[in-house]
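Asks: The primary structure of each chain is shown beneath.
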Amino acid sequence: MTEPVLQARNLVKRFGRVTALDHCDFDLYPGEILGVIGDNGAGKSTLIKALSGALVPDQGEIVLNGEKVNFTSPMDARRLGIETVYQNLALSPALSLSANLFLGRELRRPGALGRFFRLLNRREMQRLARKHLADLGLLTIQNISQPVETLSGGQRQGVAVARAAAFGSRVVIMDEPTAALGVKESRKVLELILNLKRRSLPIVLISHNMPHVFEVADRIHINRLGRRLCIVDPTTTTMSDAVALMTGAKKPPPEPTAQ
Amino acid sequence: MTETTGKPQDFEQAAQASGDFAVFEEEDGNRFLRRIQHFLHTYPTVVPFIVLLTGVIFFAALVGSKFFAPFNLSLILQQVTIIGIVGIAQTLVVLTAGIDLSVGAMMVLSSVVMGRLAVISGVPVPVAFFLGLATGFACGLINGTLVAYFKLPPFIVTLGTWSIFGALNLYYSGSETIRQQEIAAVAPFLQFMGTAIKFGGARLTYGSILMVMLAVLIWYMLNRTAFGRHIYATGDDPDSARLAGIDTDRTLLAVYAIAGVICSIAAWALIGRIGAVSATAGGTANLDSITAVVIGGTSLFGGRGSIVGTLMGALIVGVFRNGLALAGVQVLWQEFTVGALIIVAVAIDQWLRRVSQ
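Taken in sequence, the protein lines are chains A and B.
Under this note's numbering, think of the first position of the first sequence as 10, with each following residue one higher.
Under this note's numbering, think of the first position of the second sequence as 168, with each following residue one higher.
A few of these clues could be false.
[What the hints assert, rightly or not] Per the computed footprint, the stretches of chain A lying under chain B, defined by three or more beta-carbons under 8 Å from a beta-carbon of chain B, are:
1. 94 to 107
2. 110 to 119
3. 127 to 140
Simulated from the structure, these hints should not be mistaken for lab results.
The beta carbon of each residue, even a glycine, is placed where N, CA and C say it ideally should be.
Build the full structure now, drawing on both the sequences and the hints.
Replies: Structural data, given as structure tokens:
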């Protein structure tokens, strides 16, 4: 078995008297899509926030490519190549597509114009934005300088995914990417996810939508009561079994399987 | 859009048959109106431009050559200068979805600091001038700190500092006016912005040139630097901006501080305009600057608007006031007109925002 890209051991996070994460483990292997499912309050989003740097766990450790890391902000995680597509997408509606793709890490012109006059390299950013969108087959978005608010929900999701794909060198985390989308748009986003996988970028997919998770995930991490209950193989496990495990109706197998 | 990937569910195949993904669908009715809405949404400064043009044509027809006289046009520009500069500061703050009610107070306090230090205390003029700018900067930092780090609403913060800066101004100045001759004797530099280039009957003051230069500088900052984009993003959706990696608190602090400095630059233009340093000058600068910003199409909800719009907004108010005055309309009806313009401007902003839904 190869080494995990991203690993977490014994993560604990308490919010007052509520224990959101109770010695939770997590493993993501190279090139895979890992589905993360769990009932409401099972600790999925807390786990993901800990992995993406949005919150700091009280205990436990996170290991990225064999090195222990301590994230104190999403910026720390991003700097190390972990990109997150948040449920609210973190896009700025009035700004253009290319401005959003490069938001927070804009490119400046080389030389004195960039250094002293802080001049943006807009042409280069537009070129790269067009390239990133084209790479993901999002060429239906024609005008790279149109504001994001003029896009449909699926297109916005596409922009957020393109941003993650462009900068995520190690891991892409997606939080409920299809939750707000219609049937056709969800389909497109699932294709995007598979597309990222083909570029051998490992993906963590958090979703409530069982059919979506079962369709694209290679392994499924089931969280329950703040810890990893088990890992199942979507090809040998049925959705109703997964739901039974999630809700506690069924006992997990003794050892984590489907490695 | 093919079946090559994954295992699409049956119900999804039915959906696939019905055409492409994410095509903009348009209702048949109101297409024309929607197209106008879309156009204005893309080019928001067109609205104030049309209003300005309409105003100019209207008053040209109404009062004729008196309005177009070079002297009159340059008078409008002079009247607009102070509000234009303060409006630039206000625009920055409003773009972050904030508001700065203390702009007038910061301007007057800075002008009093410059004037009293140079004329009464005998401080060298460059030092007095610099300390005046530093006063604006310090006031802006106070506003920014309270808004960004104490998370207080900008309206309340600047309502408070408006009174505080106003009180400091009265304390320091003792409500005394420094007369024109006194300043001209020791610190003519402070009145420099009131001097004018004359050609024909027109008087183009250096203050107006300063306004334009400042507008170009801030336009560049907003549209050609990363910091400018962060200002828009912070006003548009602060949570998203933060998740995208922008330090929104620092952006806010910087915006209020820059606004303070711009207000102290406006103080220089103010001394030039009235010649003297008066503790009670610029009383209407607050609301006038907000008026210019709003009529210029900048949204009070943040994230959209422009410096060009604000300058046009200031010019619109100037043109309407001047034109109506030339036409012999009472001051109260000038105010009435400006009020109506504000409401129309906000209504258009609301309408344009609906383009995204």
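Asks: Tell me the numbers of any earlier hints that the structure contravenes, in ascending order.
Replies: Hint check: nothing fails, all pass.
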